[in-house]
Amino acid sequence: MSIIVENDPLDQVDGSASFEFGATKVMSSVTGPIEAARPRNELPTKAYLDINIRPSFGVPSTRETLLEHKLGQLLPAVINLDQYPRQTIQIAVQILKNGEPNDYTARQLVAIINSVFIALINSGISLKSSLMATCCSISTEGEIRTSPTSSELASSVSHFVVVYSIEDQQIDNLLFCDGLGTFKQQQLFDVLDRAASEILLNFQQIRQAIASHVSQNYVWKA
Amino acid sequence: MSQTASLKLNRFPPDVLARIAPDMLLQKYLQIGLRPSLRKFDEFRPVVISCAGVGRYEASEPNGDINGVGSVLGSSIVKSGKTTAICLISGAIVEDDHELVNDYRTKLEKDIIDSDTHKDNKNASVYTEVEISRGASGPPNEEEIAVSHRLYETIYHSGLIERDALRIRLGYKGSEELEQEFVPHTNYSFVLYATIQVFSRAGPVYDLCYGALISALRQTRLPAVYIAEKRTEAGVRRVRVEEYDLVCEAEKNEPLKLNENKIAWSSTFGLVELDRDVPHDEDKMEIDTDGKILLAELEGEAEENIDTRITVSSNGSTLSGLSVYGAAGVTKEELRKAFDLANRRAQYVLNSREMEM
Amino acid sequence: MSIVIPGDHFTLETGTEVVLGPNLQTTGNIANPTTAGYLVQTQTGSSSLAYVEADSKRYMPAAQDFVVGTIVGSFGESYKVSLANFSTPAVLGFYAFPNASKKNRPRLKTGDLVYARVASVDPDLDVELECFDATTGKEGGFGHLEGGFLFEVRLAYARYLLRHQDAPTPYKTPSNV
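Chains as they are written, first to last, in my numbering: chain L, 1 to 222; chain Y, 1 to 357; chain E, 1 to 177.
Keep in mind the hints are simulated off the structure, nothing from the lab.
Here the structure is a predicted model, which means the values were calculated and not measured.
Please note that the accuracy of each hint is not assured.
Computed list of lysine-lysine pairs in DSSO-like fashion (alpha-carbon distance at most 27 Å, straight line) [as the list claims (entries may be wrong)]:
| hint | chain 1 | residue 1 | chain 2 | residue 2 |
| --- | --- | --- | --- | --- |
| 1 | Y | LYS28 | L | LYS46 |
| 2 | Y | LYS40 | Y | LYS82 |
| 3 | L | LYS46 | E | LYS80 |
| 4 | Y | LYS337 | L | LYS184 |
| 5 | L | LYS184 | Y | LYS122 |
| 6 | Y | LYS292 | L | LYS184 |
| 7 | Y | LYS122 | Y | LYS257 |
| 8 | E | LYS102 | E | LYS138 |
| 9 | Y | LYS262 | Y | LYS332 |
| 10 | L | LYS97 | Y | LYS122 |
| 11 | E | LYS138 | E | LYS109 |
| 12 | L | LYS46 | Y | LYS292 |
| 13 | L | LYS184 | Y | LYS332 |
| 14 | Y | LYS262 | L | LYS184 |
| 15 | Y | LYS262 | Y | LYS79 |
| 16 | Y | LYS332 | L | LYS128 |
| 17 | L | LYS184 | Y | LYS257 |
In isolation and in its complexed conformation, chain L is listed as follows:
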């Protein structure tokens, strides 16, 4: 999968990134830690995540709310939320290109997770580990495809979004897995293995993008 990452394209936020793979493109921004806008969002022991996802066309619907919910389930696993008590971390995501049929959100979720991770790195917010997401589909013949295209997704019997944490350049923990459609237990384990090797391979590109952005910020170090 060819990945295009743009670091800090937005000026007014603390960290931002766009992530593009195949026909899917997503732009994410992170602002924070900032003062809680509403008293009820002030959590006494940790930061509150204010996540907003906007679709590529139309107004946000329950589809986007579910995506926000999933992102909210994943992110506490990587952000040191307890370092910012009573603060808010705002995450705004704009989907630029769907790249998949309307009833699917797998490719978009992958791009959202990856772009938010890079935006979090750029914002300097304290993270526990690195992570990367990828998606797989199982065709009617039982063949596993990584980063399936729109038509491959539409003809698949099941599809998955898999997120692994990466420590010391190795695959570490399974942080998140979302599967829709029908599948056998063994098929899922095969998908996890394929996703892990895919992530290990492609994370090099993300790492490269982050490293080149860091050195760009320190031009005088040369």
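Keeping the supplied structure of chain L fixed, place chains Y and E upon it in accordance with the hints.
This is chains Y and E only, laid out in the frame that chain L set:
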């Protein structure tokens, strides 16, 4: 100047400790091999599935007459522990735009425009609205929306309902075949809506909502639809003006066709690590494990605090609709254990007599 | 210097005294960077220093930092000072100025700029600022800033300016920094 501070030992009843230190309470219970809900680690709550009897084609009267009125096409009540979920299925009729897409006249162009994105999808779903009663009214919160949409997506992608099952075959009241020239040019389909209300929740509600929805769909009966013609006239320049009503029969109906092998039951598990740092009594330690403990069907404040979760639907052998997340990470062994339990649970619930109703 | 990202663990030398700088988390003698940046490890005498030099835009207060803030209001006996837009304001006491007394204290208006030192940082409390030198108790160049312009720069560049007298700048840094 010296000050002496005295620390007083405080004793809290379990429900208070569950609120102020849920992780501590959970660890205390786990040490003695129990859960705060007093169940075993892999023990599920019994579930009772029954018919709500409010549907249009359900018999609520003792004499067996069907209701014949109302818009509810199927219903169910699912009870588990003290939590109750009520699901009502209603429907509406829409013009089938899907047919238009497959029309050979538009197909040619359509193929060129988005041959890549449009695939003929034969699945349908049910638009779900989940309401978790919490003593206050207001717009649905994030959890309710997320559960609703997840139900929609899971049903859609599992292929439980085929689009064909919702297509309306129009007839005349007299049950004879409709003459070809009277068949309207547009096709019609049912859309299904589900309203699920959850009362006195005590833990994640997705499983119960899924169960209620599946049970209600199994009960759902679609009305026979007839044309009651109002007017057909030949207008100027051979334009035929048609006006007709679609009438849903009060008595004649047929059950909604589901893909029986796709009927599944959902189970949620929590994954928690035994914390050796929490003070414990060596003599009373009942369990001896270094791995993480899998808890079936979380219940109560202390257990809801567990943030590593596995949710999976199973029809007894095949899985569908999986959601795994958690900071601690989940290993394959843990997944395998959860899947085995989910399979067994699904076999038990789906084959139980209640499910047949 | 190598670029590290979160998850790139490295082992701290045992036996010596290790001073941990920003952007590091430790469990035992294993350190984990919390963001992407240059890993700096230096040895001075018997103690070593480790930190991750990372650039960002939002300033997170750290004790003994020198900061420029905007007065955004006052409550009780202190000013509220904004160090970064939308962040929780820091607190600058009315009497946190050299030789300040009830009658004789600087009167600052909303919108005024102050040059101050971060006195204390605790995630559970407000950040406190002071406008006098910690060792001498004298003015030390702190206080109300008048005239001139305020430029927003990235934090890495701000730190670079503070440490390099001869850094190429469009304006002069305060002489005693």
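- For the pair supplied as a hint, LYS102/E and LYS138/E, is the alpha-carbon distance within the 27 Å limit? Satisfied, since the Cα-Cα distance of roughly 18 Å is no more than 27 Å.
- If you draw a straight line from the CA of LYS184/L to the CA of LYS122/Y, is it 27 Å or shorter? Roughly 22 Å separates the two Cα atoms, so the pair holds.
- Task: For the pair we were handed, LYS332/Y and LYS128/L, check the Cα-Cα distance against 27 Å.
- Result: holds, 22 Å
- Given hint LYS257/Y paired with LYS184/L - CA-CA distance at most 27 Å: The hint holds at about 24 Å.
- Do the alpha carbons of LYS40/Y and LYS82/Y lie within 27 Å of each other, as the hint requires? The given pair, whose Cα atoms are some 18 Å apart, holds under the 27 Å limit.
- Is the straight-line distance between the alpha-carbon of LYS46/L and that of LYS80/E 27 Å or less? Distance ~23 Å between LYS46/L and LYS80/E Cα, so the pair holds.
- Task: Measure nothing beyond the straight line between the CA atoms of LYS28/Y and LYS46/L; if it is 27 Å or shorter, mark the hint as holding.
- Result: Given pair LYS28/Y, LYS46/L holds - Cα atoms ~24 Å apart, limit 27 Å.
- With a cut-off of 27 Å on the C-alpha distance, tell me whether LYS262/Y and LYS79/Y pass. holds, 22 Å
- Would the pair LYS138/E and LYS109/E pass a check requiring their Cα atoms to be no farther apart than 27 Å? Given pair LYS138/E, LYS109/E holds - Cα atoms ~23 Å apart, limit 27 Å.
- Given the proposed pairing of LYS262/Y with LYS184/L, does the C-alpha separation stay at or below 27 Å? Between LYS262/Y and LYS184/L the Cα gap is close to 13 Å, so the pair holds against 27 Å.
- Given the proposed pairing of LYS184/L with LYS332/Y, does the C-alpha separation stay at or below 27 Å? holds, 14 Å
- Within a Cα-Cα threshold of 27 Å, do LYS337/Y and LYS184/L meet the stated pairing? holds, 14 Å
Going down the numbered hints, you'll see the structure goes against none, and every one checks out.
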